[in-house]
Amino acid sequence: MNWEFIEKYLPMYEKAALLTVKIGIVGILFAILVGLICAAVQYYKVPVLRWIVAVYVELSRNTPLLVQLFFIYYGFPKIGIRMSAELCGVVGLAFLGGSYMAESFRSGLESVEPIQSESAISLGMNSRQVLGYVILPQAMSTSIPAFVANIIFLLKETSVFSAISLMDLMFTAKDLIGLYYKTTESLFLLVVFYLLILLPVSIIGSLVERRMRYAGFGD
Amino acid sequence: MPDLGIDVLFKGTNMLRLLQGLWVAMKISIVSILISMPLGILVGALMTVKNKVVKAIFRVYLEFIRIMPQLVLLFIVYFGSTRALGWNLSGEVASVIVFVLWGTAEMGDLVRGALISIPKHQYESSEALGLSKIQTYLYIIIPQTVRRLIPLSINLITRMIKTTSLVLMIGVVEMLKVAQQIIEANRMSSPNAAFGVFLVVFVLYFFACWPFSVLARVLEKKWN
Amino acid sequence: MKRKAWRNVLALALTGVLALGLTACGSSDSKTADAGSAAAADGKAVYRTLDEIKESGTINIGVFSDKNPFGYVDENGEYQGYDVYYARRLGEDLGVDVNFVSTEAANRIEYLQTGKVDVILANFTVTPERAEEVDFASPYMNVSLGVVSKDDNVITSLDNWNADDSIIVISGTTAETYLIANYPDIPLQKFDSYATAKEAFENGTSVAWANDNTEVIAFALQNEGYTVGIPSLGSADTIAPAVSKGNTTLLDWINDEIVALGEENFFHADYEATLADTYGLDYEDSLVVEGGKVNAQ
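Protein chains in written order, with the UniProt record's numbering: chain A, 1 to 219; chain B, 1 to 224; chain C, 1 to 297.
What the hints contain is simulated information worked out from the structure, not anything from laboratory work. You may find that some hints are simply not true.
To be verified - Distance windows between CB atoms, simulated:
#, chain 1, residue 1, chain 2, residue 2, range
1, A, W51, B, S125, 31 to 37 Å
2, C, Y183, A, F5, 43 to 49 Å
3, B, T48, A, R211, 22 to 28 Å
4, A, V48, B, I150, 50 to 56 Å
5, B, R147, C, Q222, 56 to 62 Å
6, C, A273, B, I35, 41 to 47 Å
Unchecked claim - Computed list of lysine-lysine pairs in DSS-like fashion (alpha-carbon distance at most 27 Å, straight line):
#, chain 1, residue 1, chain 2, residue 2
7, B, K52, B, K120
8, A, K156, B, K120
9, B, K55, B, K120
10, B, K133, B, K120
11, B, K120, B, K222
12, B, K133, B, K52
13, B, K27, B, K11
14, B, K52, A, K45
15, B, K222, A, K156
16, A, K45, B, K222
What the hints assert, rightly or not - Chain C stretches covered by chain B per the calculated footprint, using a threshold of three residues with CB under 8 Å from any CB of chain B:
#, segment
17, 72-85
18, 98-107
19, 111-120
20, 235-243
Quick reminder that beta carbons are idealized off the backbone N, C-alpha and C, glycines included.
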């Protein structure tokens, strides 16, 4: 192991990790937004829109992010839609993540039995109170495990951004291998940085999950 | 109607090659699935064992594999391991190794989840009914586990097929690489080929995965 | 409940430590490989000698599959181009079949060092840094760097660069190394394959594309609306076949072969078969290197 090399290129990895995290966070936020809208549309069975959402969910879940990105980044400009690589990454992540988030929210909402809202209404709550105090808290605690899994999944998926020339962790490692032929060192740093990003998320995720489950079922 | 460059695919053997590219990806996922299913069941069963050491080892394996992006694993096996261990792996073999490692971890977790989701009273009731341990597993536990497991493992197949798109990055000539080659060879005659060809790749991937998703959903509805 | 949560955290932390440990071990093992370059950890050579290749009946040759007109795949799925034409002849004279392995620029050294191919014929420019990692045979083509840009904004100089603009380079090429060393302030947009780089250049991602001048000239000739504003940049280099470090039997054979091919003016024939369509005949004598001897220009 060549530590000099590692020290020299550490800043490059830090920059790359920052980019990975930045695009990851923005992309995930948009994915949550898309997911919330889609889940709401499906939960309230909005006419027409629910069919559009259904088609979107199928398309998004049954195609790889890499292919989605290739299509958006290299194909779209041919019909006049140009995006920077960063924007393309965010759009791709939101497109892919939106359907995963929607599914987790929807299954959460559907897990709350109708009798719960019926009872709440008979207790004199209005529909906003029913949603805020009865449905959402229970739905959230059911959604959390899938939600956390989705976040880890989406952060991992950012590794394919290298294919659209974003200088993320993966690309930095590939580039250094190509430039200086230091395969082992480059891969070592790659693994370390991914662990640094993903391990805390995974740990926090499992802690939150336990908390929420405790709150939800009280056992 | 602007030229979207789909016509490129009807030149020479282009469409056929694209489909062959898809088949390369499918083959890698099918082989990996066939190997990871039994291994995953074994690992999942072992993880329900009370032994702390066994549990810890599998926990570490599972977490590492699931936390690392598959692309990183592919690079470690394809570039890292060939150097460290001095063997020569083709891109296809490296992919199968990574997908088996990953598939086994995912499958193991599914199996563990399915096993512990069987309520304790099922075991107790069958014991009370005078069933032997083997009978309990054969007639009570395994049938229920399998029903929970099958839809989930079909979903895993979909995920694997999708993930095979990554093998492009370790030099396997699969559908995306063939698509690039077609676009490149026809750059002059069909400048917009990138749109049409990548659109077709997108659609082909969709039709490779979608039937599995539908099947998983149908089975899940039927059995739950 | 709480205790279980902590056990989980502990397991996760352990994972990290173990993973690092494993990687570190794997890495220290490979130190020997780094030092010996082509020799693996257990001292066994990763490459196949000339006799082993002949015995197997197939030679693995790494070529580009998306670098028209040097190495690409035509609409019938056949490899074509200047490098490929030469590769076919190599196989023919060795009496073995050629198995073409599609490679990207950044993987070329890696493929030789891990024995994934026997020879690289992927427009591989000879540089001192690369020569430390692999063995180059005699050259068969001249090359230097060039920069192509759009007609409406022709770049003729890299000095006084506008920091908002970027240049496209392909990861692992001499253009990348040269620009990093000589123009560190120019933002680079890096791609890992010729296919993606050209696609992005056409889509207007960057104002210019820096690569081997042969390739950018070909691009400007093949595609309307582009001009090579900087036809020659950096030093005049050569392109040569490369084999794994220490694979002398194969290296010697290729060198002899190149001399023999020079007598029949093979590379001129190669040029006329594969490059003349793009370049015309004007570049023939300046590009082709015959018999491994570079003429002073």
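Which hint numbers does the structure go against, in order from smallest to largest? 1, 2, 4, 8, 14, 15 and 20
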